[in-house]
Structures are given as structure tokens and as C-alpha cells.
Amino acid sequence: MTTTARRPQYLSHALLLTLSFLAIFPIYWMIITSVRPEREIYSPAPIPGEVSFENYERAWNAIPMARMLGNTIATAVSQTIFQLTTSVLAAYAFARWRFPGRNILYALFALTWLVPFQAIMIPNYVLLTQLGWRDTLFALIVPNIGSAFAVLLLFQSFKAFPLELIDAARIDGAGSWGILWRVVFPNLRASIASLGVLLFISSWNDYFWPLLVTSRPENSTVQIGLQAFMSSDMNLWGPLMAAATLASLPILVMYLLLQRQVIDSFVKSGLR
Amino acid sequence: MQRDTRLTLNPAAATRSAAVLAKTRSSSLTWLNRLEPYLYLLPAVIAVGIWIYRPLLQTIELSFYQWNMLPTAPRTFVGWQNYAQLFALPEMSRALLNTAVYMLGILPLSVVLPMVVAILTQDIGKRARTLYRMLIFLPVIIAPVVVAVVWRWILHPTNGILNNTLEALSLIEEPLRFFTDERLAIWAIIFITGWKLIGFSTLIFSAALTNINREYIEAAQIDGASRWQITRFLLIPLLSPTILFMTMLTLLLASQWSFAYINVLTQGGPLNATTNIYFLLWNYGFRSFAVGWSSAAATVFFLGFSIIALLFIRLSSRFAFYDN
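Residue numbers (my numbering), protein chains in the order written: chain A, 1 to 272; chain B, 1 to 324.
Honestly, the hints are just simulated from the structure, not real lab data.
Treat the hints with care, since some could be wrong.
What follows is a set of in silico ranges between Cβ atoms, one per label pair, in the way DEER data are often shown [said to hold, decoys possible]:
(1) B:R314 / A:F53: 55 to 61 Å
(2) B:G49 / A:P186: 27 to 33 Å
(3) A:G175 / B:Y83: 51 to 57 Å
(4) B:R314 / A:V77: 40 to 46 Å
(5) B:T72 / A:W97: 18 to 24 Å
(6) B:P74 / A:L163: 54 to 60 Å
(7) A:R39 / B:S93: 55 to 61 Å
(8) B:Q267 / A:G175: 54 to 60 Å
Every residue gets a Cβ at the ideal spot worked out from N, C-alpha and C, and that includes glycine.
I would like the entire structure built from these sequences, with the hints used as guidance.
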């Protein structure tokens, strides 16, 4: 310990500063470009001469921004709530009981990890078309009410919950439903909330699913709208960066407020 | 199973009342009790069943048919034909080659560099560490489409800040056309994919390093081991589970991670230089409407990747050194 502490730290700092610069520069450049007035768009100056929000106005009017943001909020919020509910119930079952078929069912959730989106997209697309759900919020939300990943992750924290507390509640006459919501849930609120943040971010950022089930930007999420906006006109860099900033704003705010929880839940979960 | 605290107060009465309770309940409740776990699991199982396993089985089924996805068009059974011609399908060999390039190209960014950074920066103080963590991690939470749009702006041949800076410094004579130059495009996509991963991977390696027992390192230092020896013979072996995990993740998911950037930035071009297997599946399905091709290829890749995953899980239980 002493020898490592004595070593000069400038190399570490230089390395980390370089990496930090690489990580934040694109985001910084996006925000800076978005607030530059039109004549300064191509300026290489790291700080804009004056701040203007005309790009936001133009982006807001060029694409159905309000509709798309509304769709994205509705989708991300409902997906998060549904996925949390279904996975709390499932993780509780796995943590609390040993029952026939438990391992098989658990494996069924674990193995979804191996199924790539592209291996299931066509049948899902066909089914949603048959249901007449394409270009609706149903198509964006309903297929994502369950998340195998959320079940596995929650099970890890539920497993650590002391069974003595459950037993004590049972002796007091509580049923399994009451125990879940009055004993287990309040105690695991922190891990459930950080999973919720994770699910919200991945739902907000999702690209594959909205791409598959919606064809018009006004019926889709802001990610698809952003892509459509980019393809439609190459040289509107200011408004495009304004749209990109708007599309990431809720996530950035969340990150600034809850960065420790966000980072921890991502690192704990692996990447998916 | 059920423990009853009342037993300690009045054993006889408690046993009696428990027995009565058990009797009235048992007829209606025992089988319901046994059903209970399944009821809790039902919503999640239904969701995963309908939206993951049903389509997976249907994809396997569709791989034996020729169909153009139109509900009115007939599905023609063609047996193993889609599989037989799989590797002769248009653009397939290029897509396979590119997929390998993506995997190997992303590995340095998702495994080597993060591990080196994590090892070299172990000694950083706690407060600075928190700040760096926050900055380096930022790309992970940004949406892939936003990432693609921003890099398109930065890397733009005539107006982008990178080309302008390089030209101003006289490092290049002609602007680098990152997404339209056949030789550069795949590396641009690999870089962007890696850029989004480095922070995540570095934190995974840092977390693994902090979990290593300091006594090993101190013991090695007392024995006079150099920093390089400690890294080579102690840290890297102890990190091997993490190295294997991140390598597996990269090999399995590199093609999925890069899909969004390919679709937004290059559409597989120029001249198929950036296409990969998943982009090809997407094209077969939703551009050429060749459901049979897409499904057969998807089935083969699904099995291939499952085998790779299995090998890695085997490998990590056999060769990894665990710190217990």
C-alpha cells in the first residue's frame, strides 16, 4: 500500500483526463452547437460568442417534437412500471419458494440473454401487424411489459433478503401477497428503484423496437424522429443538435441527479 | 414448515387451534398454496413466452419456408434449401468477414484499454475517482441514435470539428471521409461502438480490482516483486474472470451494439464495407422481404453464438483463478 501511494499520480491523472475529455467532448459539442446562432454554427470556438435558442425553435417546428417526446415519455414510464411489477412478482416467487419446475423456469429467463433481437423480429412484426397495432403506443409498450433481465437482477437482491423476516410476518398471519408488499418491498425499495432507473434509461434510449413497430415519426419515439430528421436534411446541424439534446435531456438530468445509483446499477447489471 | 410462537405460551391450546386452523384451510388452500409461486411468475412468463420464445420458434419454422411477409402471399415449404444456400447468399461472405472485424476491432476498446486504464489508475484518490467515474461513464447512458448523430457532426468531412482541426494543424491534406471512404468506414463505426463502451468496461475492471485482496499485493511487494511482475503474475490472473466476461460480452454483442450505428450512419455501405450479419438479417427481412433467408441465417447465428457462450462459460469455470 505504501509503495503504491508514494508513486507519482500525474500519469494516472493524465490518462484519466484524456479519457474523460474523449468521453464528454462529443456531448459538450452537441450542446454547444445547439445553442450557437446560425452564423456561428461552423465556428471551432469551444465557447459560443452568444447563446441563442433559435435552433430549438426550428427543431421543435421541423419535426413533431412534442408528439414524439410525449410518446417516448408514455412508453418509457409504462414500460418501467410494468417491467418492475412483473419482475418484482417473479423474483419474489423465485426467492421465496422451491417448487417443481423452478430451475427450468429460471433457465428460461436466463437464456433470453442469448436471443438476439434480429432472431425474433420478423414473427413479432407479423404478429403486431395482424393485431393492427403497428404505429400505436400498444406496439411500443405491450411487448415490453416483462423483462427477463429485470427478473434476474431483482432475484439477486431478493435472494439476500432474510427469510426470518418473512417467517415472522407469516406467523403474524400475513399472506404471501401482504408479505411481499408490506415486508419485502419496503426493505428492497432501494434496489427496485435503481433497477427502475436502469429500465427507464434503456427504454428511453431504445432504438430497435420502435424502429420495428412504427413507420411514422409522429407515432414513434424521439430516437426514431431524430434519425428521420438527420436523414431528411444534412445541413441543419444546429437544429439537429438541438433535437439530439432534447432527446437526451431527461437522461442527462437523471444522470446528474442520480449518477452514483445510475453507475452502480449499470455496473452491477452487466450491459444489456 | 410453519413455526408458531404461541406454542411457547400455551402449548396444548396452541396445538389444538393450529390443528383446527390447518384443517379448515387445508382443503381449499393447500393446492392453491402449491400454485402460488406459479401465479406470481405468470405475468413475466407470459410476456417472455409471447415476445421471445414464440417468435424464436417461429423463426426456426420460417427458416424452412420461402415467404415475402405479405399476409396474402403463400408460404412455400422449401425444406433445407435456405440453409443449403446460406453461405452463397448475396453479401453473406462480406457480412461474416466484417462481423469478425467488428469483434476483433472492438476488443481492444472494450477489454485491453479499459483493463490497462483500470490497473494504471488504481492509486487515484477517492474524491478524484468519483469525478472521473462520472465523466468517463457518460457515453454509456447516451442513446445510440444521439451518439450516431453527434459523431456524424464531429466527423463531417468539410464542416466537422475533427477534420477542420486536423487541416488547421496541417496533419492532413484532404478531409477524411469517415463514413463514405470504403477503407475508413468500418473503423469509424468500430470506434463509435467502442467509445460508448470504454467507460462501462473501465468501471467493471476497476470494481474487479478493488475486490482483489490487498494482502496478495502486499505479500508480493515484501517479496520484492516489481510493479510489472505484480501486474503480470498477480493482477491479470486474478482479473481473468472479468477478462473472460468482457471478451464474451464483446464477441456476442459486438454485432448488436454496432447495428444502430450502421443503420443510422452508413446503411451497410459504402459498397457493403460496414455491413454485418445482423444488419444483413435486417436487410433480408425488411428490404428484400426474404423471410426464409433471414430466418435461416438468424437460426444459424443464434446457435453459433449460443455455442460460443457455452464455451466461454466452460472456460471461465475451468481456467479462471478465483480469489476466495
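Exercise. Which numbered hints turn out to be false for this structure?
Worked result: The structure conflicts with hints 5 and 7, although it agrees with all the remaining ones.
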